[in-house]
Amino acid sequence: MHADGATVRAIIHDLDRQYPGMRAALCEETGNIRPFVNIFLGNDNIRDLHGLETPVPRDAAIHVLLSVAGGDEIQGG
Amino acid sequence: MATRRRYPKGTVMLAAGTKRGLFLMTSRDRRTWKTEGPSLVGQRVYHATLDQRNGARLYAGANGDFFGSAVRYSDDLGQTWKDPEAGIAFPEGSGLSLKNIWIVEPGRASEPETVYCGVDPAALFVSHDRGQRWTLNQGLEGHPTRQRWQPGLGGLCLHSIVTDPANPRRMWVAISAVGVMRTDDGGQSWTFCNKGTRADFLPDKYPEFGQCVHRLLGHPANPDILFQQNHCSTYSTANAGEAWTEIRNNLPSDFGFPLAIDPHHPETLYTVVETQEGGRTNITDQFTVYRSENAGHRWERLTKGLPKGPNVKLGVLRHGLATDPLKPSGVYVGTNTGQLFASRDRGDSWKMIADFLPPIYSVSVAVL
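Taken in sequence, the protein lines are chains A and B. Counting with our numbering, you get residues 1388 to 1464 for the letters of the first sequence. Counting with our numbering, you get residues 11 to 378 for the letters of the second sequence.
Chain A on its own, in the form it takes in the complex (with noise of 0.2 Å):
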């Protein structure tokens, strides 16, 4: 995928707009990042670096990986 923008937010805006729901499978309402969701700029993760605000050079390469998230969850009263 393509996209622009000068950082890592303005580039999920623009993947929204080419493919809407992109932001909202990315970002919590909040604005922040889903837990199990890492962005990396070459090989740091933007949480690392400024998170959604980490300014992207032009042509850059942006990865979006998923957590190896094991353990459970209780659903109950």
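Zero decoy hints are in this set.
Distance ranges between label pairs, derived from CB positions:
no., chain 1, residue 1, chain 2, residue 2, range
1, B, G65, A, F1427, 38 to 48 Å
2, B, P122, A, N1430, 48 to 58 Å
3, B, D86, A, H1389, 29 to 39 Å
4, A, H1450, B, E95, 21 to 31 Å
5, B, G196, A, Q1405, 36 to 46 Å
6, A, F1427, B, A253, 56 to 66 Å
7, B, A248, A, E1440, 50 to 60 Å
Think about it this way: if two alpha-carbon atoms lie no more than 16 Å apart in a straight line, the pair counts; the simulated EDC-like pairs of lysine to aspartate or glutamate are:
no., chain 1, residue 1, chain 2, residue 2
8, B, K109, A, E1416
9, B, K44, B, D365
10, B, K29, B, D365
11, B, K19, B, D86
12, B, K109, A, E1415
13, B, K337, B, D39
Please keep in mind that the hints were generated in silico from the structure rather than gathered at the bench. Glycine is no exception: its CB is placed at the ideal position from the N, C-alpha and C atoms.
Please arrange chain B on chain A, whose structure you already have, making use of the hints.
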């Protein structure tokens, strides 16, 4: 392209929402069953329901661990699924974020386009276009006590929705661990309806709110009558929730999750009560469904065909018990260890119709 499945008129269809997708069980005689699925693979389906008011649209509250939750819908009985145009989401800036979808409830017969949905964190959403666009009920979201609401073990979940079929401005919701709330003005304002229900786990045992209601059901013929299975007992109300009467009577435990009603004999109730401590399972070594034929004055044990033994430790979650609209009514119970039992004679006898399913969160029934 796969051939579209067709079912003869009169087929009974169970929708079993599980930890690993949605399974459908169908039968023409309620003796032999065919299991199909799963669909919505990898998603936690807390609830699914077939809405037959306007065609046959199957809704599922599908909770994903990675990409969030949505009420997905299928117009071909689960073969293909669609996403809404504008799914359930809290307004940006609200500080709230959707955790799980707990129930999808079709609206009144008089409003066939309307569908309601309850979620965690506790909120009510409504769609007036059969699930395409969802909007948040602002009256409940902005309730002045909201900051004092506390979650139960399963979260701060709105898990039960009861509409008044005769009064389009009145409905009830149940939230764990807040209690029952009612609106009389079409959802603009909500009042607590918890008088007489206990909260044993709080310093004040009878607070205005804070009760851990587990399941709320309306009487099919009299909208002033409702029933609830609660963390602390089983209750009924005859005045729309103004006050509740304990109907535990001879049930062997205060604690249970599900509740169901025989639609043709609304004084006939079903529940499954459990040990509260030590695993939330059947109380003796006999897995038991309990039935009352007099609105809870006395309960009888239903065990014929249900498993017994020292290793039988079964639990049933709040949406895991359902009745069908046939005569006599069929009763269905799914366990959180993946067994599904069916009775075609009002619970007098049972047969296991599926095993080795993922943990079952919900069972709902429709006759095609």
